[in-house]
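Peer 1: Required output: the full structure, derived from the provided sequences and hints.
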Amino acid sequence: MKTFHIGGVHPAENKLSAAEPIRTAAIPKQAVFSMFQHIGAPAVPVVKKGDEVKVGTLLGEAGKGLSVPVFSSVSGKVNKVDAVLDSSGTRRMAVIVDVEGDEWEDSIDRSDKLVTMKDLGGITAEEVVNRIKAAGIVGMGGATFPTGIKLMPPPGTKAEAIIVNAVECEPYLTADHRLMLEKPEQILVGIQLIKHAVNCPKAYIGIEMNKPDAIKLLTDLLKEKAAQYPGIEVVPLKVKYPQGGEKQLIDAVIGRQVPAPPALPINVGAIVQNVGTVYAIYEAVTKHKPLIERIITVTGKSVKNPSNFLARIGTPMQQLIDEAGGLPEDTGKIIGGGPMMGRALMSLEVPVTKGSSGLLLMAEKESRRGEVSPCIRCAKCVSACPMGLEPYLLASYTRLKDWDGCEKNDVTSCIECGSCAFTCPSNRPLLDNIRVAKQTVMGIIKARHMEAIKK
Amino acid sequence: MPNTSNSSQVSTPLPTREGQGGGSRPIISLSPHVHGGDSVQRNMYGVCIALVPALIASLYFFGLGSAIVLATSVAACVFFEWAITRFILDRERLTICDGSAVLTGLLLGFNLPSNLPIWIIIIGALVAIGIGKMTFGGLGTNPFNPALVGRVFLLISFPVQMTSWPLSHQM
Ligand code: SF4
Ligand code: SF4
Chain A
1 MKTFHIGGVH PAENKLSAAE PIRTAAIPKQ AVFSMFQHIG APAVPVVKKG
51 DEVKVGTLLG EAGKGLSVPV FSSVSGKVNK VDAVLDSSGT RRMAVIVDVE
101 GDEWEDSIDR SDKLVTMKDL GGITAEEVVN RIKAAGIVGM GGATFPTGIK
151 LMPPPGTKAE AIIVNAVECE PYLTADHRLM LEKPEQILVG IQLIKHAVNC
201 PKAYIGIEMN KPDAIKLLTD LLKEKAAQYP GIEVVPLKVK YPQGGEKQLI
251 DAVIGRQVPA PPALPINVGA IVQNVGTVYA IYEAVTKHKP LIERIITVTG
301 KSVKNPSNFL ARIGTPMQQL IDEAGGLPED TGKIIGGGPM MGRALMSLEV
351 PVTKGSSGLL LMAEKESRRG EVSPCIRCAK CVSACPMGLE PYLLASYTRL
401 KDWDGCEKND VTSCIECGSC AFTCPSNRPL LDNIRVAKQT VMGIIKARHM
451 EAIKK
Chain B
456 MPNTSNSSQV STPLPTREGQ GGGSRPIISL SPHVHGGDSV QRNMYGVCIA
506 LVPALIASLY FFGLGSAIVL ATSVAACVFF EWAITRFILD RERLTICDGS
556 AVLTGLLLGF NLPSNLPIWI IIIGALVAIG IGKMTFGGLG TNPFNPALVG
606 RVFLLISFPV QMTSWPLSHQ M
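So the sequence lines, in the order shown, correspond to chains A and B. As numbered in our numbering, residues 1 to 455 make up the first sequence, in order. As numbered in our numbering, residues 456 to 626 make up the second sequence, in order.
Please note: incorrect hints may appear among the correct ones.
In silico SDA-like cross-links for lysine to any residue, where the CA-CA straight-line distance does not exceed 20 Å [as the list claims (entries may be wrong)]:
1. A/Lys365 / B/Arg480
2. A/Lys240 / B/His490
3. A/Lys301 / B/Ile523
4. A/Lys301 / A/Ala363
5. A/Lys301 / B/His490
6. A/Lys365 / B/His490
7. A/Lys301 / B/Gly492
8. A/Lys225 / A/Glu182
9. A/Lys365 / B/Ala530
Rather than coming from a laboratory, the hints here were simulated on the basis of the structure.
Peer 2: Encoded structure:
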């Protein structure tokens with residue numbers, strides 16, 4: 001069974017909502033659209049207070065450079081365009097819409113009918129990429145990197161393998177799993193579109209063995225319709241965290257290693273796309289539907305009905321919790337995303353964004369870290385690190401503010417997966433330390449770069 | 456430097472949970488939010504368990520003498536660790552429960568002849584814990600294995616007692 005080769009850990013899976021079909025969440029009364037739902041420059045608002053908007057109306061156009069547009073997922077009137085608190089705890093520009101009815105832009109095809117490549121006729125690769133860009137699609141596994149950019153390989157590189165990330169290695173989350181079970185053929189068409197866009201003959205779908213139903217469904221479908229979906233292969237993977245990391249997945253599926261930054265996956269011929277992104281691509285290209293809704297898992301051990309929701313972007317988290325049975329009494333921590341890499345939220349006012357894969361309510365007693373003891377030099381963190389780093393050493397250098405030492409020991413390669421801190425018997429806050437070092441060292445490298453350019 | 460201490464957890468009243476009776480703001484901390492459950496204690500006692508076969512063999516071959524040496528060594532190591540943390544270092548938090556002193560005692564005991572006088576064993580334990588471990592700051596900061604520091608000290612100081620021992624009654 002394939003998996004990645006260095007490090008990795010096995011957190012308890014807790015996939016409580018794996019058997020829950022996707023439910024459509026209610027349309028909120030008010031929706032908040034942050035202009036900063038992706039990596040890169042924020043979108044620029046193009047509406048003002050009082051404007052009437054429909055589902056699919058452009059609210060913010062892509063900013064300069066790396067950026068994507070933002071669309072309304074509801075119809076109604078713009079209440080205000082202002083800076084509001086977002087999930088990261090900072091105030092950022094957002095458009096707030098008071099909802100009235102549910103009117104969609106006419107250009108969007110709302111039917112459920114499967115559209116195949118044949119139906120699209122001779123659509124050009126360029127047109128596919130343009131529609132993806134125009135729909136504001138970003139990586140939906142949580143990284144939120146603009147997808148359109150990823151599908152334009154820089155000169156000198158060539159895509160040799162599309163790898164669909166259907167690993168969902170974060171504990172608790174089941175959104176991708178449910179999507180594969182409920183929209184398998186749409187995903188296959190989406191993969192064809194990506195293959196077409198970057199002119200790549202081969203695509204792999206990497207799925208961990210803890211989703212045997214999804215593996216079987218897609219394998220059978222591909223066998224049955226081999227002629228219709230050529231060059232797509234399902235690759236079952238051994239369960240290990242963080243297999244959903246881009247570099248780990250490339251290693252697991254095609255056995256290639258991506259060199260240290262600034263090298264990108266495309267430098268080894270790979271393009272990785274999350275399965276949720278693939279579905280969004282399908283909808284954007286075949287249905288002209290911008291990215292206005294997504295699947296989000298609302299879960300936790302004390303949550304009454306752990307669920308997978310199809311929620312409009314901009315819906316307040318509070319509403320989804322109410323639909324899942326209300327906030328449990330014992331809630332101590334509210335996490336946007338999964339427990340390994342998710343972010344603790346300060347309030348439930350924050351809205352669903354393009355990158356919201358899950359909402360996890362953790363009980364008070366599970367929310368606190370254990371007491372920190374001295375490092376006993378057991379090297380378990382070193383064995384756990386999927387990037388082959390020495391976390392205990394990086395953490396020590398950070399406490400000594402030895403940024404050179406951090407840089408020499410490749411702190412910038414850290415993918416912030418948390419395996420080191422998860423595994424440390426002394427409960428040391430390794431990743432807390434390493435994050436500080438990573439940011440500092442990246443700043444230093446950037447400054448050095450600027451200096452060099454000036455000279 | 457933000458977030459480098461273990462106190463990056465906040466807990467003050469939460470306004471959004473009215474009517475829920477909670478009355479506390481959600482805890483904010485950085486990922487990962489789960490832990491594998493491993494601990495120093497587990498590691499130390501894990502090594503102790505791994506030493507059980509050696510312990511049984513030692514009791515089988517050397518009988519009561521070995522039992523006395525091991526018991527004295529473990530008890531002395533735990534006592535010295537407790538005494539030094541409590542009275543010399545004046546630390547509030549005691550570390551004897553983490554199992555590292557028990558382990559040092561066990562390892563030291565395995566390094567000694569089965570007829571070694573009790574007072575020499577106690578000196579060995581004092582050197583192992585006092586000099587080998589606590590002088591350097593305690594758990595995790597010792598440059599050498601404390602049990603071996605104790606052993607080397609005894610070997611130099613009491614060469615005769617350390618190098619002559621009864622043959623096993625089984626042989
Ligand atoms: S968070 Fe960074 S240092 Fe820690 S295990 Fe992951 S990649 Fe390695
Ligand atoms: S896992 Fe923890 S105790 Fe072990 S070497 Fe790493 S930092 Fe030290």
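Peer 1: Against this structure, judge whether each hint is valid.
Peer 2: These are the hints, each one checked on the structure:
About 14 Å separates the Cα atoms of A/Lys365 and B/Arg480, which keeps this hinted pair within 20 Å; it holds. Taken as a hint, the A/Lys240 and B/His490 pair is honoured in the structure, with Cα atoms around 15 Å apart against an allowance of 20 Å. Note on A/Lys301 and B/Ile523: the hinted pairing is violated, with a Cα-Cα distance of about 50 Å set against a maximum of 20 Å. Proximity of A/Lys301 to A/Ala363 is assessed by CA-CA distance (about 8 Å); at most 20 Å being required, the pair is judged to hold.
With a C-alpha separation of about 16 Å, the suggested pair A/Lys301 and B/His490 falls inside the 20 Å cut-off, and the hint holds. With a CA separation close to 13 Å, the supplied pair A/Lys365 and B/His490 stays within the 20 Å bound. Distance check on the hinted pair: A/Lys301 and B/Gly492 sit about 18 Å apart at the alpha-carbon level, within 20 Å; holds. A distance of roughly 17 Å separates the Cα atoms of A/Lys225 and A/Glu182; the hinted pair therefore holds under the 20 Å criterion.
The straight-line distance between the Cα atoms of A/Lys365 and B/Ala530 is roughly 35 Å, outside the 20 Å bound, and the hint therefore fails.
Hints 3 and 9, counting from the list given before, are not met by this structure.
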